[in-house]
Amino acid sequence: ATGNLLQFPTVMGSLVAIVNIPGIAEDQLKLTGPLLADIYLGKITRWNDPQIVALNPGLTLPSLAIAPAYRADGSGTTFVWVSYLSAVSPEFKEKVGVGTSVRFPAGTGARGNEGVAGTVRNVRGAIGYVENAYAITNKLVTTQIRNNAGNFVKPDHKSFMAAASAADWSVPGFAANVIDQAGPDSWPIVAPTFILLPTNPTDAARSANVRRFFDWCFTNGSKLAEELEYIPLPESVHNAVRGAWRQSFGA
Numbered sequence: 308a309t310g311n312l313l314q315f316p317t318v319m320g321s322l323v324a325i326v327n328i329p330g331i332a333e334d335q336l337k338l339t340g341p342l343l344a345d346i347y348l349g350k351i352t353r354w355n356d357p358q359i360v361a362l363n364p365g366l367t368l369p370s371l372a373i374a375p376a377y378r379a380d381g382s383g384t385t386f387v388w389v390s391y392l393s394a395v396s397p398e399f400k401e402k403v404g405v406g407t408s409v410r411f412p413a414g415t416g417a418r419g420n421e422g423v424a425g426t427v428r429n430v431r432g433a434i435g436y437v438e439n440a441y442a443i444t445n446k447l448v449t450t451q452i453r454n455n456a457g458n459f460v461k462p463d464h465k466s467f468m469a470a471a472s473a474a475d476w477s478v479p480g481f482a483a484n485v486i487d488q489a490g491p492d493s494w495p496i497v498a499p500t501f502i503l504l505p506t507n508p509t510d511a512a513r514s515a516n517v518r519r520f521f522d523w524c525f526t527n528g529s530k531l532a533e534e535l536e537y538i539p540l541p542e543s544v545h546n547a548v549r550g551a552w553r554q555s556f557g558a
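Residues 308 to 558 (our numbering) make up the sequence shown, in order.
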């Protein structure tokens, strides 16, 4: 708890890169964080750039201009994306930095996940970033990304759960740094959703009902979260949150 608020995580989401490259199917293309940073810095401008070709010897990549798409509106999605790019690229951190809304040196802005998805779907050579749940429901072409351990991983349940399990949730406010987690199978771009609860609530009964609701979610909601393409937190985190409730509220 910080001040008069208790922060705790409920579920995790993941971000994926989506592309529109003729002849390239889902999860065929391999990219790295520094490459993605250079694309969004405007330094890598064609899909047959030698650095991309070197990572993808089995693919035929066209001499097609790369058209980066980004969120024009302020968003947590952008915050997570640029947090990752800043973590893997000192130049990106210096020139663009971290925020819910940043100035990208290259590309086209679009509003919402649907705007970025629409741009990528309609523009040959486009690349964008969206929440994985959105990519799946809209059948968008995702990519592999090299993780902290140096392995190329696909955006799937296994890699997402590996990232959730690898995080250190013992920090104050459960504010684990989950970006670019260690571990051979971890997906590098994930983020938790947090709830803030007043520790001196004006309505104790309502506060207790809120905790009861999230306790139900922890007990019964993991399968629902997975069906919606979100990542349930490990049971150890659920129990740690319950412990924090007892410490702050006595029940």
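Any given hint could turn out to be false.
No more than 25 Å apart at the CA atoms, straight line, and that leaves these computed lysine to any residue pairs for SDA-like [to be verified]:
hint: 1; residue 1: Lys465; residue 2: Asp475
hint: 2; residue 1: Lys446; residue 2: Thr415
hint: 3; residue 1: Lys446; residue 2: Gly365
hint: 4; residue 1: Lys461; residue 2: Trp523
hint: 5; residue 1: Lys530; residue 2: Gly457
hint: 6; residue 1: Lys465; residue 2: Lys530
hint: 7; residue 1: Lys337; residue 2: Asn311
hint: 8; residue 1: Lys337; residue 2: Leu362
hint: 9; residue 1: Lys337; residue 2: Thr444
hint: 10; residue 1: Lys350; residue 2: Gln314
Hints in this document: simulated from the structure, not taken from any laboratory.
Cross-check of the supplied hints:
1. For the suggested pair Lys465 and Asp475, the alpha carbons sit about 18 Å apart, so the restraint of at most 25 Å is met.
2. Note on Lys446 and Thr415: the hinted pairing holds, with a Cα-Cα distance of about 21 Å set against a maximum of 25 Å.
3. This hinted pair checks out: Lys446 and Gly365 have alpha carbons roughly 23 Å apart, not beyond 25 Å.
4. The hinted pair formed by Lys461 and Trp523 fails the criterion: a straight-line CA distance of about 31 Å is larger than 25 Å.
5. At most 25 Å may separate the alpha-carbon atoms for a hinted pair to count; Lys530 and Gly457 exceed this at roughly 30 Å.
6. For the hint linking Lys465 to Lys530, the alpha-carbon distance of about 14 Å falls within 25 Å, and the restraint holds.
7. Taken as a hint, the Lys337 and Asn311 pair is broken in the structure, with Cα atoms around 45 Å apart against an allowance of 25 Å.
8. A distance of roughly 6 Å separates the Cα atoms of Lys337 and Leu362; the hinted pair therefore holds under the 25 Å criterion.
9. The hinted pair formed by Lys337 and Thr444 meets the criterion: a straight-line CA distance of about 22 Å does not exceed 25 Å.
10. Between Lys350 and Gln314 the alpha-carbon distance is near 39 Å, which puts this suggested pair outside the 25 Å criterion.
In the structure shown, a violation is registered for the earlier hints numbered 4, 5, 7, 10, in ascending order.
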